[in-house]
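Chemist: All chains, full assembly: derive it from the sequences and hints.
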Amino acid sequence: MEECCELLDTIDREDMEHMREELGDVLLQVIFHAHLAEESGHFDFDSVAAEINEKLIRRHPHVFGDASLDTSEKVLKRWEQIKAEERNGTARETAPSTLFKDLPPQLPALLFARDVYKQIERKQLPLPESVDPGRIAARAEDLDEIGAGALLFEAAAACHRAGVDPESALRRFTSAAIRELEGSSTQRS
10 MEECCELLDT IDREDMEHMR EELGDVLLQV IFHAHLAEES GHFDFDSVAA EINEKLIRRH
70 PHVFGDASLD TSEKVLKRWE QIKAEERNGT ARETAPSTLF KDLPPQLPAL LFARDVYKQI
130 ERKQLPLPES VDPGRIAARA EDLDEIGAGA LLFEAAAACH RAGVDPESAL RRFTSAAIRE
190 LEGSSTQRS
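Numbers in my numbering are just positions in the sequence shown, counted from 1, shifted up by 9.
Not one of these hints is a red herring.
Derived lysine-lysine pairs resembling DSS-like cross-links, with alpha carbons at most 30 Å apart:
hint, residue 1, residue 2
1, K86, K64
2, K110, K92
3, K83, K110
4, K64, K110
5, K64, K127
6, K110, K86
7, K64, K92
8, K132, K110
9, K92, K132
10, K127, K86
11, K83, K64
Hints are computed from structural coordinates only; laboratory data are not their basis.
Modeler: Take a look at the structure:
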């Protein structure tokens, strides 16, 4: 996680010299874990590289195949369809049916909340009762990167003043929103 965060910092700062170094640190993690897996008889680095190669080709038929997708919207829609087909093909029969795809538990709360909201939008689900869609729409109209940063900074500062950990608060709220929406979904079924 730390290595990824250091890499993200160099990307944000467009610091190419240090980015090369941080990419090497992330690559070291990949090589190291692939080596440990190989020693225990699971897989090797070559199989990791082959799998990502196959995934890139499979998920980008407009680049590597004959598919003609002329807009970024069509590309994203097809990519989501392919990912859904992959999930359906590998889902275990014992896995519970949920509205939301599994997200890594280590995902920072802000990314977790963003990904859940993207799924809410894509599946056209209602927002949790405590969320005001009008306020989201009004803020989104004029929001740029600086304004978004300021809004998030103000929220973090307000949490600090209130003695609330913003990371935990957002994670708990997002998890509660998932439970609320999944509960209302099962009631409708």
